[in-house]
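> Sequence:
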Amino acid sequence: MTNAAGLYGKSLYDLARSEDTADDIMEGIRSVEAVFREQEDYLRLLSEPSIPKKERLSLLTEALRESVPEYLLNFLLLLVEKGLILRYRDSFRSFTALYNADKGISVATVCSAVALTEAQRTALIQALKKRTGKEIELRERIDAGVLGGLRVEVDGKTLDGTVESRLGALRKQLSSIKI
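Numbering (our numbering), first residue to last: 3 to 181.
Simulated from the structure, these hints should not be mistaken for lab results. Among the hints, a few may not be true.
Derived DSS-like pairs (lysine-lysine); straight-line CA-CA distance at most 30 Å [what the hints assert, rightly or not]:
(1) K136 <-> K12
(2) K132 <-> K105
(3) K12 <-> K180
(4) K131 <-> K105
(5) K180 <-> K136
(6) K132 <-> K159
Can you make the complete structure from the sequences, with help from the hints?
Below is the structure:
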């Protein structure tokens, strides 16, 4: 994360918190991230120096005026103005980290060979809530290399219940047995 982008994200969060709009801005951030992820060409257009800055600012305003909070739109316009729009993810990461800390939310990333069922997802969220004492935002990753079980990363800790991990522990146990 660049220092400037992180500082901008922190400043946006401080403003949102003082104006009691953090929830609305967080929702807007999710929308903007989805748009930028789906429309990468649009993001490049907003950073293209051959297009006059005034025109780029107008394009962004027209696209988002009705769909995001005013503070978030102004923030994005500032990033375009300063030539930092390509670093928006760093700013959003900074904002999100502060938001989650204030709201008692932990982001848990679960890696499995196949997608979790709704029942498995619910059970995992409940178990993680109990373990961390926080609300859980679950992100899922599918990795065919995981033979079975789950690997969960939450609050800087890895909980590895994969078959590979269990076999490794068993191998270690067996190799320590002296005959």
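> Hints first: check each against the structure and report whether it holds.
Now the hints, each set against the structure:
With a C-alpha separation of about 22 Å, the suggested pair K136 and K12 falls inside the 30 Å cut-off, and the hint holds. The straight-line distance between the Cα atoms of K132 and K105 is roughly 16 Å, inside the 30 Å bound, and the hint therefore holds. With a C-alpha separation of about 57 Å, the suggested pair K12 and K180 falls outside the 30 Å cut-off, and the hint is violated. In summary, the hint linking K131 to K105 is supported, as the alpha carbons are separated by about 14 Å, within the 30 Å threshold.
A distance of roughly 44 Å separates the Cα atoms of K180 and K136; the hinted pair therefore is violated under the 30 Å criterion. Proximity of K132 to K159 is assessed by CA-CA distance (about 15 Å); at most 30 Å being required, the pair is judged to hold.
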